[in-house]
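Q: Could you build the full structure based on these sequences and the hints that come with them?
Chains as they are written, first to last, in the numbering used here: chain A, -6 to 374; chain B, -6 to 374.
Hints are not guaranteed to be accurate.
Put simply, identical chains are the same to the list, so a pair is met inside one copy or across any two.
Unchecked claim - With a straight-line Cα cutoff of 16 angstroms, these simulated EDC-like cross-link-like pairs (lysine to aspartate or glutamate) come out:
no., residue 1, residue 2
1, K357, E367
2, K164, D116
3, K119, E149
4, K372, E149
5, K164, D178
It should be emphasised that the hints constitute simulated quantities derived from the structure, not laboratory data. No experiment lies behind these values; they were computed from the predicted model shown.
2 protein chains.
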Amino acid sequence: MEDFKVTPWEVSGKVDYDKLIREFGTQRIDAMLKQRLATACSGKLHPMISRNFFFSHRDLNLILNDYEKGRGFFLYTGRKPSKGMHIGHLVSMVMTKWMQEKFKTNVYIEITDDEGFLHRKEDSWKDIQEAAHDNILDIIAVGFDPEKTFIFKDSEYIGNLYPMLLRAARKITGSTIKAVFGFNDSTNIGLSMYPAYQTMPTFFEKKRCLIPCGIDQDNYWRIQRDIAEGMGYYKTAAIHSAFIPPLQGIEGKMSSSGAKEAAIFLTDDEKTVKKKINKYAFSGGRATLEEHRKLGGNPDVDISYQWMKILFEPDDEKLAQIESDYRAGKILSGEMKQMLIERVNDYLEIHRKQRANAEKTIEKFMYKGKLAKEMWSKKYE
Amino acid sequence: MEDFKVTPWEVSGKVDYDKLIREFGTQRIDAMLKQRLATACSGKLHPMISRNFFFSHRDLNLILNDYEKGRGFFLYTGRKPSKGMHIGHLVSMVMTKWMQEKFKTNVYIEITDDEGFLHRKEDSWKDIQEAAHDNILDIIAVGFDPEKTFIFKDSEYIGNLYPMLLRAARKITGSTIKAVFGFNDSTNIGLSMYPAYQTMPTFFEKKRCLIPCGIDQDNYWRIQRDIAEGMGYYKTAAIHSAFIPPLQGIEGKMSSSGAKEAAIFLTDDEKTVKKKINKYAFSGGRATLEEHRKLGGNPDVDISYQWMKILFEPDDEKLAQIESDYRAGKILSGEMKQMLIERVNDYLEIHRKQRANAEKTIEKFMYKGKLAKEMWSKKYE
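A: Structure follows, in structure tokens:
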């Protein structure tokens, strides 16, 4: 019966997202809510929303209430440093950036260098710091507003919020952590404490916080929702995405800990992208050219099509055309791959340029921008 | 058979200190070691050592080796803030201060405001900070060297050592914490993390650390000894004291969480001291004056005598005289109490004066003294 699995530490099988919504007790982002969102941001929705890649939420309706009443809200996302961000890591970042642009909100980006270090016994502190720097450049390249975005490393900001961290930690028991994170008595005490830090940015403002994240992360935020009101803050809201499938096929989730060929990394060059997609991208095409022309391909399982749908072909009309041409057998499997290769390489070329530029703006995001300066002058209790 | 109990969270019954040494696997501070110590500090030993109140140790011999070879060592003690320090809390402080004076070493005093806050759900952060300030004044009044002593609050110094804290935490599992501290799954995650912080000052210098503490605290330092060499530092050394008995009798340990009458607080005025001792101090005297004169008193269970032996009568000859006069029935129970009352009140009068003065030097100990300034300029990884 259990043909798929979604926990914060494992995603496998063909995910039934409707079932997830029921099990997690979240809400679907339905047509009405999408309409409200479109009205609020006075424009077109991001394709990841309109195409239901972000499909679930908690309290997005309350976020919109607050926005409409002028109270506003703020955004929070983060990253556990590790060498090599891949396409899948972009999803939450791209959505957060889009929301910031549309709603002119502050964004807090937590770089959990402590978590990374506690998690990987083989890594030195220096390894983690290098990965953190590397990741921050990739994140900045997504295009956040340097005056309204605060990127911080846990290890650097700890002095500004330690009393508040203790206040949260005092409310969370070992049992809760074991249940939510799958920890046990062999888990090191640092890792067991860390989830308290993850709630911190949700308390950075006395407004409602919105977290764009994968549905597999929902569990983490339940801890925040359990303690938030007792801390004198709002329960955080969230919008949840589905998973970008690995190149090899529609099941599971693209992962950097899995095979390197299953993911496209932001540092992959043009040739590598071409090679990986040509060699590994699962195709919905038929066994022979003749059959394909006759019966057509299946975009529902074709990774090249799916990636374009999720992230690389924002134009709805073009996408619809590709889909119908593929189903009609007009587009061949290799042509579909070629379309993805071009789009991914275009995307990565821009990313690389913005990443090179990020070295110049990193100071703003972390220390000198308007929001960053404000944050460094604050002490949270 | 178990007629006494010594854990970091409970001391009860008549403690068999020899048995403790065997069970804990520590060493007795024997005559030879005392001789070495006396030679090293070129003078008389502190009465708490010569009279075997500090009776056990780990690696004190190695500390003396290091000292003799000119490598030196440093001292570490601490305090979990709570309103009202009592006589029992002075023991480690007085010993640490004596050692600093004799060996001219640096002293680190950790004020564990995080632990206090995590421990007492009913206290606000402000409550803990007030208690911390209050305790720091009492500690300074003991007479430490303001240029060679760094008193810090965990919450303030966290930013200077967080990476090193993570390094320690990564080496400590939940099982260890449960076994050593008696924690369980209902314990909050902050408290479970805290023991890693307690090891931090032992890594402040690349020398051996010596911790004067009650034997009941030995357990805590076993964690440090387990991880120290893997961190690139020495296993900490320690000297262990017996317990100052409560006024009501020779068993157990003076405690601020117990009855207020069982302890003399550093803030108790002359009248209160007189009243408490007269009313509650368990006497080794006989039932009637006649019997007492004839059979003599028993100093071994007489709390007034015991307190003088531990802390309030440094003169060995005087103490010996008191003892023999008491055994001979020459000193009456009430006279014994009167002797203690005078000595405690003399002690507290000086303490009060030094405490009033401490408001002026607190800045030095925490931020501006030679050692404090050095510490604030350091970052530990």
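Q: Cα distance capped at 16 angstroms. Does K164 pair with D178 within a copy, between copies, both, or neither?
A: between (19 angstroms within a copy, 13 angstroms between copies)
Q: Measure nothing new, just compare the shortest in-copy and cross-copy C-alpha distances for K164 and D116 to 16 angstroms and report within, between, both or neither.
A: between (31 angstroms within a copy, 13 angstroms between copies)
Q: My question is about K119 and E149: at a cut-off of 16 angstroms on alpha-carbon distance, are they close within one copy, between copies, both, or neither?
A: within (14 angstroms within a copy, 24 angstroms between copies)
Q: Can you give me the call for K357 and E367, within, between, both or neither, at a CA distance of at most 16 angstroms?
A: within (12 angstroms within a copy, 30 angstroms between copies)
Q: Since the copies are identical, ignore which copy is meant and state whether K372 and E149 lie within 16 angstroms (CA to CA) inside a copy, between copies, both or neither.
A: both (13 angstroms within a copy, 11 angstroms between copies)
Checked against the numbered hints given earlier, this structure breaks none of them.
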